[in-house]
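Student: Here is what each chain is made of, one letter per residue.
There are 2 protein chains.
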Amino acid sequence: MEMISQNKVFDGWHKQYEHDSAVLNCRMRFAIYLPPKAAQGAEVPVLYWLSGLTCTDENFMQKAGAQRIAAELGIAIVAPDTSPRGDNVADEDRYDLGKGAGFYVNATQEPWSKHYHMYDYVVKELPELIEATFPVSSKKAIAGHSMGGHGALTIALKNPGMFTSVSAFSPITNPINCPWGQTAFTTYLGNDRELWKQHDSCELIAAAGDVRTPALVDQGEADNFLVEQLKPEALEAVVAETGYPLTLRLHSGYDHSYYFISSFIEEHLRFHAENLGA
Amino acid sequence: MEMISQNKVFDGWHKQYEHDSAVLNCRMRFAIYLPPKAAQGAEVPVLYWLSGLTCTDENFMQKAGAQRIAAELGIAIVAPDTSPRGDNVADEDRYDLGKGAGFYVNATQEPWSKHYHMYDYVVKELPELIEATFPVSSKKAIAGHSMGGHGALTIALKNPGMFTSVSAFSPITNPINCPWGQTAFTTYLGNDRELWKQHDSCELIAAAGDVRTPALVDQGEADNFLVEQLKPEALEAVVAETGYPLTLRLHSGYDHSYYFISSFIEEHLRFHAENLGA
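Chains as they are written, first to last, in numbering that gives the first Met the number 0: chain A, 0 to 277; chain B, 0 to 277.
The set of hints was computed from the structure by calculation and includes no laboratory data.
Chain B regions said to be covered by chain A (calculated; three or more residues, Cβ under 8 Å):
#1 6 to 18
#2 61 to 70
From chain B, some residues computed to sit far from chain A (all C-beta separations above 10 Å):
#3 V22
#4 N24
#5 A89
#6 D90
#7 T107
#8 F224
#9 E232
#10 V238
#11 P244
#12 R248
#13 N274
#14 G276
The beta-carbon is built from N, C-alpha and C at its ideal position, and this holds for glycine as well.
Full structure from sequences and hints, please.
Tutor: Below, the structure is given as structure tokens:
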């Protein structure tokens with residue numbers, strides 16, 4: 000593992016690392032923010048942040064303004080990349096498939112199955128690496144945006160007990176019923192819709208049973224992708240049906256950008272801090 | 000003038016506009032953040048933010064995290080581009096001359112003098128446009144980073160009474176004595192060093208006389224450009240000599256990036272708010 004950059008931010012440190020990922024079969028980059036408390040010897044909990052289509056580890060770290068609050072609360076933040084990377088990695092000449100669009104699943108279809116295992120990377124390899132390397136505790140929360148909101152919700156729902164809490168901005172709530180999700184799932188997982196359902200937040204909440212990881216979702220009402228891709232009404236319906244502890248908030252005038260995320264990230268961090276006991 | 004984007008941020012609005020600049024003789028883009036108070040009919044004061052080499056109107060708006068505090072304080076922020084733009088505008092194949100590197104002077108040398116009048120753009124054309132278009136008062140402050148820190152300090156010093164206060168992150172304090180400044184001034188202004196001195200913060204403070212615009216400067220001690228280009232010790236010396244009301248703060252571990260700016264922008268906005276009476 001190699002540190003490739005570091006910047007002091009709010010008395011803590013933002014650092015970028017590269018490492019060889021066995022799960023993804025390529026060289027990967029991630030970013031971590033270590034709050035000042037971590038430098039003082041404390042084992043801090045970790046919030047994993049999953050970004051959306053076209054993003055890397057950098058978007059959230061540069062644009063969300065999260066470090067101020069993470070520093071105050073004593074929470075580390077880890078931001079992985081959004082897909083495997085490198086010249087040998089399969090790709091398509093479009094923004095919603097291939098590099099930058101891993102969709103947080105394990106691909107079963109050729110040629111994608113050689114590298115596209117973002118689910119295992121986020122659930123297993125990355126947290127093991129983080130907990131073996133940095134002064135963090137095993138307490139974890141997870142959050143994300145758009146495709147990464149889908150990733151955060153599905154990963155938390157599929158791994159009860161792993162995360163104290165989950166939150167999302169503008170998540171793809173029902174990928175089996177929207178173009179982004181259908182394209183990605185057909186490409187990465189093939190035509191078996193039963194397999195698709197295992198990566199659909201609405202389906203997972205409907206089948207959650209005793210799983211009760213607290214969840215917070217924020218959605219802008221001026222989001223260009225609201226109706227066709229994000230479908231908060233599907234999430235609202237299944238939450239109403241099941242009584243799942245998910246708070247869905249709609250925000251008038253806000254769009255799909257990091258300007259929206261920056262406006263409400265503080266509330267997400269405080270929500271996670273409360274659940275993490277940070 | 001044409002609005003090309005808008006995003007709701009902290010209950011206010013970030014907007015990008017394009018307009019034909021008579022001073023720069025080209026189409027220009029700028030960004031404005033209007034705090035919620037402006038939508039309620041109040042005339043808010045304006046902080047002008049001048050960015051550094053290679054930047055556009057976007058860097059500060061996306062990375063500094065300033066909107067949260069501007070919303071609270073009721074201050075608008077205007078971020079111009081850093082040079083004239085367009086296919087007809089003279090350029091060099093380097094990051095520190097030409098497009099993205101206007102240095103906030105009025106070029107006197109060919110071919111630059113046709114477009115490179117960033118000084119007049121920031122001092123005259125842009126504020127006139129802003130005050131004629133938006134619900135802002137005539138109260139103004141100015142701030143900037145690196146090349147833009149140089150721009151903010153020199154413009155405030157050369158226009159006493161125009162700005163209530165000035166602040167800078169990592170400014171090029173003494174351009175007549177550093178490679179960035181010498182290259183830019185030779186190229187844009189020619190070889191007359193007396194003319195250069197009219198755009199050098201240290202020289203202007205030495206000659207400030209009764210000018211007493213309050214100033215705040217933050218500089219990271221881990222800044223890669225500290226010794227060769229930025230020279231805070233030159234600023235410190237002239238402030239000590241003259242008693243100019245400038246507070247210079249050095250910050251251990253911080254670098255030249257927006258991670259540094261985001262860590263201290265709140266204090267700059269509160270400094271300006273106090274002087275603006277916001």
